[in-house]
Amino acid sequence: MSEKILDIKDLSIRYVTEEETVLAVNGISFSLDKGESIGLVGETGAGKTTTALGIMGLVPDPPGEITSGTIEFEGENLLEYPEKKMREIRGGKISMIFQDPMTSLNPVMPVGDQIREVVLLHNNVSKAEARSRAEEMLEQVGIPKERYDDYPHQFSGGMKQRVIIAIALACSPELLIADEPTTALDVTIQAQVLQLMKALRTQYQTSMILITHDLGVVAKICNKVAVVYAGQIIESGTLKDIYTNKQHPYTIGLFNSLPDIEHETSELKVIKGLVPDPSNLPKGCKFNPRCPYCTPECCENEVEMTALSDTHSVRCIHVGEFDREA
Amino acid sequence: MAKKTRDKNQHHSMVGEVWHQFKKNRNAVIGLIVLCIFIIIAVFAPMIAPYGYDDQDAAHTKIAPCREYPFGTDNLGRDVLSRIIHGSRYSLMIGFLAVTISIIAGGILGVLAAFYPKLDNIIMRTMDLFMAIPQMLLAMCIVAALGSSLFNLMLAVGLSSTPQFARVVRASVLSTRGQEYVEAARAIGGSDFNVIVRHIIPNSLAPLIVQATLSMARAIISASALSFLGFGIQAPKPEWGAMLSAGRKYIRQCWWLTVIPGLAIMVVVYALNVVGDGLRDSLDPRLKK
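Line by line, the protein sequences give chains A and B.
Quick note: the first sequence uses our numbering, first residue 105, plus one each step.
Quick note: the second sequence uses our numbering, first residue -9, plus one each step.
Some hints here could point you the wrong way.
Listed below are the simulated BS3-like cross-link pairs for lysine-lysine, each with C-alpha atoms no more than 25 Å apart in a straight line [said to hold, decoys possible]:
(1) A:Lys138 <-> A:Lys189
(2) A:Lys197 <-> A:Lys113
(3) A:Lys344 <-> A:Lys373
(4) B:Lys108 <-> A:Lys188
(5) B:Lys108 <-> A:Lys189
(6) A:Lys302 <-> A:Lys108
Over 10 Å on every C-beta distance to chain B, these chain A residues come out as not near it, computed from the model [to be verified]:
(7) Leu136
(8) Gly196
(9) Glu240
(10) Ile268
(11) Pro380
(12) Asn392
(13) Thr399
(14) Val407
(15) Leu412
(16) Ile421
Because the hints were derived from the structure by calculation, they are not lab data.
Glycine is no exception: its CB is placed at the ideal position from the N, C-alpha and C atoms.
Given these sequences and hints, build the entire structure.
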């Protein structure tokens, strides 16, 4: 096995406001080897983005606080890093791609300068050197360097996302966190951007955490998958484990809800109910109110992860007891 | 080559767009022209003015506007036109510098309040406290405490409108701070200072520019009012408000001693107001087509 680059253990993050305490992340653990990429899949509000912000040390405090866990990056716990050291990590060793390319570029700064900025922050280089590096990055993501001085509003959505990818990769980070990088783009541009990310990732040997709710995107890019529900990982494994041998009722429901191109149906299959309110989580298995196989035991104790193989584990006490194709 | 020129045009599109929008507002353009004329007059005052501002002529006192003295002369035989021309220097300078003082003080306080929630209440409640005191009274207190001089006058006018600037800046920064590009700027490792200076301030400027032009008009009036009350610039310096105040005694016989400085104040303030209005409209993206 290659070396572990990121190892998150039992990470819990909550948001405390005067009215309520929102348990956004409840004991997430996963690890990532160098060069690997993991997909965090889950519904809106499952705690995927909060996990990412936790790794970056950008959980807004207040109201957010990290209540337990460790985030080991290259063997050191990031949660113990002082702010100054954390700043060197951000953008340098770990960088993040945000969800919406329309709003994550500064509208009054030329795009090239925005790439140059990250180069200047993390490398001891002159402005001219940083500029040539930024131009190089623009070319790498398929934008002519003559457009260095253009402003974001002169770019299309797909091009803006390319610029953001250029910013994220400008310092050759060890780890790239992509938070729904293609959600705001249309399908053809999505494919281009994904292709680009895949190519650059291989070139730079970057590990990646891809946050998405699009199972197709995960299948295309990742080699590991973790399904997140109510701030917990409820099933994790390799791409093959999850796509061909899914075990958790939620994962099964998630896949069943994908429209099937071969069979004409009038209604999409949905998982009944809504994601539980993170300020008022159900007792026992977090999925029990929506689970078709729920038994009284499911509502009593916290469910632990059960390992099915070296790579595949699932958080369900009835693993294998029900018909998976139902 | 053609592409190059197009790119060139695009670079300036932010400023260009604002100007394009601004041009459509005829009043604002006229205001801007008037303002430019006054600025030129102020800069070249000693060359333009036919007499010095303090040249007395005992033989020609209280002459009504005529060919030789277009704006008449005052009780000491000083040419009112020359005094107005020289006075534009003081009035415009007070306007600009007082507003600069409020922008700097209010801007810093507003940014700090918006950016650090812990400071927010301390700063903004203090500002509220100052806002509770009428601006004029506050300015008078400051001048009375510091003594009357040109600089203290500007300081007083500037500081007394600082709370408004702090409010505007805070509101604007609060809305900018929530933008995703600010979070993205942190995610690439920017420090607080870097994020504020490079990302937040440039994106929060529009309301500030408008507030500045509108306050400049108010600053000129305040300074004139303070001079009128005797707190501002002292005779024989020809500040417009002070001239108005000095002409008050002769208002029955020599109308021009009050009307002319009053008109000068009015024209500049009006010009600043329409320019401010025009800027507000052209900077507001919601009004753009």
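Hints, verified against the model:
Our distance criterion of 25 Å between C-alpha atoms is met by lysine 138 (chain A) and lysine 189 (chain A), whose separation comes to about 22 Å. For the hint pairing lysine 197 (chain A) with lysine 113 (chain A), the CA-to-CA distance comes to about 20 Å; that is within 25 Å, so the pair holds. In summary, the hint linking lysine 344 (chain A) to lysine 373 (chain A) is supported, as the alpha carbons are separated by about 23 Å, within the 25 Å threshold. A C-alpha spacing of about 20 Å is found between lysine 108 (chain B) and lysine 188 (chain A), which places the hinted pair at or below 25 Å, so the restraint holds.
A hinted pair counts as satisfied when its Cα atoms are at most 25 Å apart, and lysine 108 (chain B) with lysine 189 (chain A) qualifies at roughly 23 Å. Restraint check: the Cα-Cα separation between lysine 302 (chain A) and lysine 108 (chain A) comes to about 20 Å, which is no more than 25 Å; the hinted pair holds. A cut-off of 10 Å between C-beta atoms confirms that leucine 136 (chain A) is not in contact with chain B; the least separation is 18 Å. Listed as a non-interface residue, glycine 196 (chain A) fails to keep its Cβ farther than 10 Å from every Cβ of chain B; the least gap is roughly 6 Å.
Every CB of chain B lies more than 10 Å from the CB of glutamate 240 (chain A), the least distance being 17 Å, so the non-interface label holds. Its closest Cβ contact with chain B, about 8 Å, brings isoleucine 268 (chain A) to no more than 10 Å, contrary to its assignment away from the interface. Against the 10 Å criterion, proline 380 (chain A) stays outside the reach of chain B, whose nearest CB is about 27 Å from its own CB. Residue placement check: asparagine 392 (chain A) keeps its beta carbon more than 10 Å from all beta carbons of chain B (closest about 35 Å).
Once the 10 Å rule is applied to beta carbons, threonine 399 (chain A) is consistent with being away from chain B; the minimum gap is 43 Å. With a minimum CB-CB distance of about 34 Å to chain B, valine 407 (chain A) clears the 10 Å threshold, and the non-interface call stands. Against chain B, the non-interface label of leucine 412 (chain A) holds: every CB pair exceeds 10 Å, the least being about 36 Å. No Cβ of chain B comes within 10 Å of the Cβ of isoleucine 421 (chain A); the nearest lies about 39 Å off, and the non-interface call holds.
Of the numbered hints given earlier, the model fails hints 8, 10; all others are met.
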